[in-house]
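Chains as they are written, first to last, in our numbering: chain A, 981 to 1105; chain B, -13 to 316.
Hint data in this document are derived by calculation from the structure and do not stem from the laboratory.
The structure displayed is predicted, hence computed values, not measured ones.
Incorrect hints may appear among the rest.
Capping the alpha-carbon separation at 27 Å, the derived lysine-lysine pairs in DSSO-like fashion look like this [unchecked claim]:
1. B:LYS190 to A:LYS1025
2. B:LYS126 to B:LYS90
3. A:LYS1022 to B:LYS190
4. B:LYS144 to B:LYS126
5. A:LYS1022 to A:LYS1033
6. A:LYS1073 to A:LYS1045
7. A:LYS1034 to A:LYS1045
8. A:LYS1034 to A:LYS1088
9. B:LYS190 to A:LYS1088
Simulated DEER-style distance windows between Cβ atoms [stated by the list, open to error]:
10. A:GLY1024 to B:VAL135: 54 to 62 Å
11. B:ASP114 to A:GLY1079: 35 to 43 Å
12. B:SER110 to A:GLY1043: 52 to 60 Å
Just a sample of chain A residues kept apart from chain B, beta carbon distances all over 12 Å, derived [unchecked claim]:
13. GLU1037
14. GLU1039
15. GLY1043
16. PRO1065
17. VAL1070
18. ALA1074
19. ILE1075
By construction, the Cβ of each residue, glycine as well, lies at the ideal position given by its N, Cα and C atoms.
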Amino acid sequence: MTKGFGKADYMFLGALSFLLLVWTAWVYGFGKEEGDFVIITKDGKRYGTYSLKKEQEIEVVTGKKTTNTIWISGGQADMRSADCPDRRCVHQKAISAQGETIVCLPNKVVVEIIGKERADLDAVT
Amino acid sequence: MRKIKCAAVCALLFAVLCGCGTPAPESVTKSGFYFDTVIQITLYADEQEPLLDGCFEIAKRYEEMFSVSIATSEISRINQAAGKPVKVSSETARLIQKCLEYCKLSEGRFDITIGKLSSLWNFSDESDTLPSEKDIMEAKATVDYRNVVLDGNRVRLKNPDAAIDLGGIAKGYIADRMKEYLEENSVTSGLINLGGNVLCLGTKPDGTDYRIGIQKPFDERGAPAATVDVADRTVVSSGIYERYRNVDGKLYHHILNPDTGRPYENNLLGVTVVCGSSADGDGLSTVCFALGLERGMELIERLESVEAVFITDDFALHGTSGIGEDLQEL
Chain A
981 MTKGFGKADY
991 MFLGALSFLL
1001 LVWTAWVYGF
1011 GKEEGDFVII
1021 TKDGKRYGTY
1031 SLKKEQEIEV
1041 VTGKKTTNTI
1051 WISGGQADMR
1061 SADCPDRRCV
1071 HQKAISAQGE
1081 TIVCLPNKVV
1091 VEIIGKERAD
1101 LDAVT
Chain B
-13 MRKIKCAAVC
-3 ALLFAVLCGC
7 GTPAPESVTK
17 SGFYFDTVIQ
27 ITLYADEQEP
37 LLDGCFEIAK
47 RYEEMFSVSI
57 ATSEISRINQ
67 AAGKPVKVSS
77 ETARLIQKCL
87 EYCKLSEGRF
97 DITIGKLSSL
107 WNFSDESDTL
117 PSEKDIMEAK
127 ATVDYRNVVL
137 DGNRVRLKNP
147 DAAIDLGGIA
157 KGYIADRMKE
167 YLEENSVTSG
177 LINLGGNVLC
187 LGTKPDGTDY
197 RIGIQKPFDE
207 RGAPAATVDV
217 ADRTVVSSGI
227 YERYRNVDGK
237 LYHHILNPDT
247 GRPYENNLLG
257 VTVVCGSSAD
267 GDGLSTVCFA
277 LGLERGMELI
287 ERLESVEAVF
297 ITDDFALHGT
307 SGIGEDLQEL
């Protein structure tokens, strides 16, 4: 207990760092699963759920104005156009893995990729 | 010193790992296995948890009354009585009464005396053989709902070889009874799912509709072909993909035609009915399947506040006129 930092401490820390690294890699890298559906929410409310496997264009309409256009193709969802001033959402790259999002802050539009098991369904019949 | 370091590292690790935790759900759910299928009930308040047990007691009680795989059930006793009258509970009598109305309405396309035929085909086992022509003809001859004589609480089968099987409607009936029970106990939001008979109480607690997926035929269980948004309704599906066997490249499914003694042959993969009562949904989905796309569609269009979605063998979805934007194809 009198020694400050011994060999055992280094080994312990080394092992711990390694575990943390593996876990991080798993979560951010290998853990990435391709999604099945795209959920679009506007102003915190669900706007719609769409298949990621089907090529389609979705227009988010507020009143009579299309504020955002989302393009789904080749298993990816991309913000194609938006009428917000900064257009950051349009510049974001296309998303395809579960949990990935594109957010348009000014228009309060969120595009999220989800898997089959949580396609926002309450039940399946 | 080491203890401090250790604690610091652990705290760090804990913080990192917790970062991706999900908030605790506000709902209570209970699952179980009844009527050869998984059932699940969800309520949206912790204090309602004891009512889940109440629902499961209802499931158990009715299974013991109606199941043909329980030898002591009231239905089994009728089937074993060789034509002699059997005294049953008023609940069983009530369900048989309701079933007979369906049989009549559907002109025998839905027939509860299908028992001999359904046990002959027995789609719950894994075999890959087909019943013989002779056996099919013999079983088919026993199917005729007009042989069921209901006199108060006494049930008699005029044909001693006939057998009742309520499999096509019991789940719906039980779902309706569970809903009644929950409503009597002041539940305003909840979801009953008896192996595909989905019944929603009111809206979700936040006032939004429930979103129910319609199974994509032959895909992984739980993978939806479409979704339908409902409140205070039931969503019931009958599909050839639920129970079937493949013999020599031909698919034999569990929806049997009492006229031929064999599975119905048409271009439908499944029918989903959206209506108020789950027993109605059971009866109607089977009848619609038997009628086929066009006539089934006509029937639903004639009925007040009943909608349906038909899936044809090209995987196309056909919704009735009233379903509108509640149906969303994926």
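Is 35 to 43 Å right for how far apart the beta carbons of ASP114 (chain B) and GLY1079 (chain A) are?
-> Given range 35 to 43 Å: holds, Cβ gap about 42 Å.
Taking C-beta pairs only, is ALA1074 (chain A) more than 12 Å away from all of chain B?
-> For ALA1074 (chain A), whose nearest Cβ neighbour in chain B is about 19 Å away, the distance exceeds 12 Å, so it holds.
Quickly compare the C-alpha distance for LYS126 (chain B) and LYS90 (chain B) to 27 Å and report which way the hint goes.
-> 18 Å, holds
Once the closest CB in chain B is found, is it more than 12 Å from GLU1037 (chain A)?
-> 15 Å, holds
Is the hinted pair LYS1073 (chain A) and LYS1045 (chain A) satisfied, with a Cα-Cα distance of at most 27 Å?
-> 24 Å, holds
Does GLY1043 (chain A) really sit off the interface, with its C-beta more than 12 Å from all C-beta atoms of chain B?
-> It holds; GLY1043 (chain A) is separated from chain B by about 18 Å at its closest Cβ, greater than 12 Å.
Going by Cβ atoms, does PRO1065 (chain A) stay more than 12 Å from chain B at every point?
-> 31 Å, holds
Hint check for VAL135 (chain B) and GLY1024 (chain A) - Cβ pair distance inside 54 to 62 Å = 59 Å, holds
Is the straight-line distance between the alpha-carbon of LYS1022 (chain A) and that of LYS1033 (chain A) 27 Å or less?
-> 22 Å, holds
If you draw a straight line from the CA of LYS190 (chain B) to the CA of LYS1025 (chain A), is it 27 Å or shorter?
-> 14 Å, holds
Decide if the proposed pair is consistent with the structure: LYS1034 (chain A) and LYS1045 (chain A), CA atoms, cutoff 27 Å inclusive.
-> 25 Å, holds
Non-interface claim for VAL1070 (chain A) versus chain B (Cβ beyond 12 Å) | 25 Å, holds
Checked against the numbered hints listed earlier, the structure breaks none of them; every hint is satisfied.
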